[in-house]
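Colleague: Residue strings, one per chain:
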Amino acid sequence: AQSVTQPDIHITVSEGASLELRCNYSYGATPYLFWYVQSPGQGLQLLLKYFSGDTLVQGIKGFEAEFKRSQSSFNLRKPSVHWSDAAEYFCAVGAASGTYKYIFGTGTRLKVLA
Amino acid sequence: GAVVSQHPSWVICKSGTSVKIECRSLDFQATTMFWYRQFPKQSLMLMATSNEGSKATYEQGVEKDKFLINHASLTLSTLTVTSAHPEDSSFYICSARGDSRGNTQYFGPGTRLTVL
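Just so you know, the protein sequences line up as chains H and C, in that order.
Residue numbering for the first sequence follows the working numbering, beginning at 109 and increasing consecutively.
Residue numbering for the second sequence follows the working numbering, beginning at 448 and increasing consecutively.
Chain C extracted, bound-state conformation (with noise of 0.2 Å):
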C-alpha cells in the first residue's frame, strides 16, 4: 500500500512553454502533497505543501506564480511549471500524506524536467 505515482516521469520542453507534472495517490486519501527538488547528487529541497481544497503553501524563495500547484482532490496535485527557462531544469519529486497514515510521506518516482 501506499504508493504515489508521477507523470510524466520524465519531459523536455522549449524555453518559454508550460510544462504540467500530476502526483496521484494511488490507493490512499493524500490530504496533503508535497512538490520537492533536487539537484544532482543533492538532498531535497521542499517547494511546496499542499492541502486538498486550499492553496498551497510555498517555501522562502519560490516563485509562486513560476511553479503553480493545485491539490483539487485527495488523490491528485498537479506542478504547472509556466514558462519554464533552462535552470528550472531539473528532478521534481513529489509527496503525499494521509491522515489515515500519520506523518508518513510516500514518494513518487519523480519528474525528470528538462528545459532546452
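In isolation and in its complexed conformation, chain H is listed as follows (with noise of 0.2 Å):
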C-alpha cells in the first residue's frame, strides 16, 4: 500500500537548534516527494520537492531535505531553527504522471522556545 509516516506528531526545539523532521514513505513506483509548511490557518507552502538527480536538495527558508532510497526517506533538516519557524510540517508524495494526487503524512507540529 502507498503510504506515507511523519513519526513525529510534535517537536519542540529551541531557537537556533538544529532539526530534522522524518519522513518514510512506501510507494510503488519513483516517488516525487514534496515538504509542505503551513502556519496556523493558513495554506501550504511548498519548501522543497525532490523529482530526480542530486538527493540532496535546497530548500526556501534555509531549509534541505535528503532523498534516501535505501530508508525510503525523505527527511528535512535546517541547520538552525527560527522561531518563526513554529508551524506544521507536511511530507507528500506525488506521481510523475495520472492523476497527480498527492500521499500526504499525518504532519509534524513543531514548537520553538526562546
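Fair warning: there could be bad hints in the mix.
Keeping only pairs whose Cα atoms sit at most 20 Å apart, straight-line, the calculated SDA-like set for lysine to any residue is [what the hints assert, rightly or not]:
id, chain 1, residue 1, chain 2, residue 2
1, H, Lys209, C, Gln476
2, C, Lys488, H, Arg130
3, H, Lys209, C, Lys467
4, H, Lys209, C, Tyr505
5, H, Lys209, C, Gln485
6, C, Lys467, H, Lys169
7, H, Lys157, C, Ser490
8, C, Lys488, H, Tyr208
9, H, Lys157, C, Lys488
10, H, Lys169, H, Leu154
11, H, Lys209, C, Lys511
12, H, Lys169, H, Leu156
13, H, Lys219, C, Pro487
14, C, Lys502, H, Tyr208
15, H, Lys209, C, Gln507
16, H, Lys219, C, Ser490
17, H, Lys209, C, Arg484
18, H, Lys219, C, Lys488
19, H, Lys209, H, Phe159
Not everything, but these chain C residues come out facing chain H in the computed CB check (under 10 Å) [unchecked claim]:
id, residue
20, Gly549
21, Phe554
22, Gly555
Quick caveat, the hints were computed from the structure, so don't treat them as lab data.
All C-beta atoms in this analysis are idealised placements derived from N, C-alpha and C, irrespective of residue type, glycine included.
Assembly of the complex is requested from the two constituent chains, each provided in isolation within its own frame, with the hints serving as guidance.
Modeller: What follows is the structure in C-alpha cells.
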C-alpha cells in the first residue's frame, strides 16, 4: 500500500538548535517527494521538492532534505531554527503522471522555544 | 510565481444554504485543481480532482451532489457546498498544478466555513 509516515507528531526545539523532521514513504513507482509548511489558519507553502538528480535538495527558508532510496526516507533538516519556523510540516509523495494526486503524511507540529 | 488564491477566506452561513468557494491560479494555467478538506490538527483529506473542462473525480466517500466542483477555465475552479449543515464546517483548501510546472501542487490560503 502507498503511504507516507511522519513518525513525530510533535517536536519541540530551542531557537538556534538544529532540526530534523522525519518522513518515510511506501510507494510503488519512482516517487516525487515534497515538503510543505502550514502556519495556523493558512494554506500550504512549498518548502522543497525532489524529482530526480542530486539527492540533497535545497529549499526556501534555509531548509534542505535528503532523499535516501535505500531507507525510503526524505527527511527535512535545518541547521538553526528560528522562532518563525514554528508551524505544521507535511511530507507528501506524488506520481509523475496520471492523476498527480499526493499522499500526505499526518504532519509534524514544530514548537520553537525562545 | 505559482500563486493560488481562494475567496472567501472565511464564510459563515445558515444551515440549508449553499456556499461557493473560488480557487484561482493567478500566474499560471492550472490544468488540474484539487480540493481538500482539513479538520483541526489533522492532515489534508483529498475530496476531488478536477481537470479543466472535465467532470471532477471524487474520492470515495465524498458526496458529489453535496460538493459541486466546476473547473470551467484554466485559472478558476469553484467548490459549492450545497445545503450546508454544521457537519460541513471545516477548512477547505484548494491546490493547482499546471503542465508547465510538472507535478508540483501550489496551494491556496484556505477557506474557513462555519455552518450555523
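Colleague: All the hints need checking, so say for each whether the structure fits it.
Modeller: Structure-based check of all given hints:
For the hint pairing H:Lys209 with C:Gln476, the CA-to-CA distance comes to about 18 Å; that is within 20 Å, so the pair holds. For the hint pairing C:Lys488 with H:Arg130, the CA-to-CA distance comes to about 18 Å; that is within 20 Å, so the pair holds. Restraint check for H:Lys209 and C:Lys467: the C-alpha separation of about 23 Å exceeds 20 Å, so the hint is violated. Taking the CA atoms of H:Lys209 and C:Tyr505, the gap is near 12 Å; set against the 20 Å cutoff, the hint holds.
Between H:Lys209 and C:Gln485 the CA atoms are separated by roughly 16 Å; this keeps the pair inside 20 Å, and the hint holds. Note on C:Lys467 and H:Lys169: the hinted pairing is violated, with a Cα-Cα distance of about 34 Å set against a maximum of 20 Å. Between H:Lys157 and C:Ser490 the CA atoms are separated by roughly 19 Å; this keeps the pair inside 20 Å, and the hint holds. At most 20 Å may separate the alpha-carbon atoms for a hinted pair to count; C:Lys488 and H:Tyr208 exceed this at roughly 25 Å.
Restraint check for H:Lys157 and C:Lys488: the C-alpha separation of about 24 Å exceeds 20 Å, so the hint is violated. With a C-alpha separation of about 11 Å, the suggested pairing of H:Lys169 with H:Leu154 holds against the 20 Å cut-off. A hinted pair counts as satisfied when its Cα atoms are at most 20 Å apart, and H:Lys209 with C:Lys511 qualifies at roughly 18 Å. For a cut-off of 20 Å, the pair hint linking H:Lys169 to H:Leu156 stands: about 10 Å separates their Cα positions.
The hinted pair formed by H:Lys219 and C:Pro487 meets the criterion: a straight-line CA distance of about 17 Å does not exceed 20 Å. For the hint pairing C:Lys502 with H:Tyr208, the CA-to-CA distance comes to about 16 Å; that is within 20 Å, so the pair holds. Simply put, H:Lys209 and C:Gln507 have alpha-carbon atoms about 14 Å apart, close enough for the 20 Å limit, and the pair holds. Between H:Lys219 and C:Ser490, the direct Cα distance comes to roughly 17 Å. Compliance with the 20 Å bound is thereby established for this hinted pair.
Restraint check: the Cα-Cα separation between H:Lys209 and C:Arg484 comes to about 14 Å, which is no more than 20 Å; the hinted pair holds. With a C-alpha separation of about 14 Å, the suggested pairing of H:Lys219 with C:Lys488 holds against the 20 Å cut-off. For the hint pairing H:Lys209 with H:Phe159, the CA-to-CA distance comes to about 15 Å; that is within 20 Å, so the pair holds. For the restraint placing C:Gly549 at the interface with chain H, the shortest Cβ-Cβ distance is roughly 7 Å, inside the 10 Å limit, so the hint holds.
Proximity of C:Phe554 to chain H holds as hinted, the smallest CB-CB distance being about 4 Å (cut-off 10 Å). For the restraint placing C:Gly555 at the interface with chain H, the shortest Cβ-Cβ distance is roughly 5 Å, inside the 10 Å limit, so the hint holds.
Violated hints, listed in ascending order, are 3, 6, 8, 9; each of the other numbered hints is respected by the structure.
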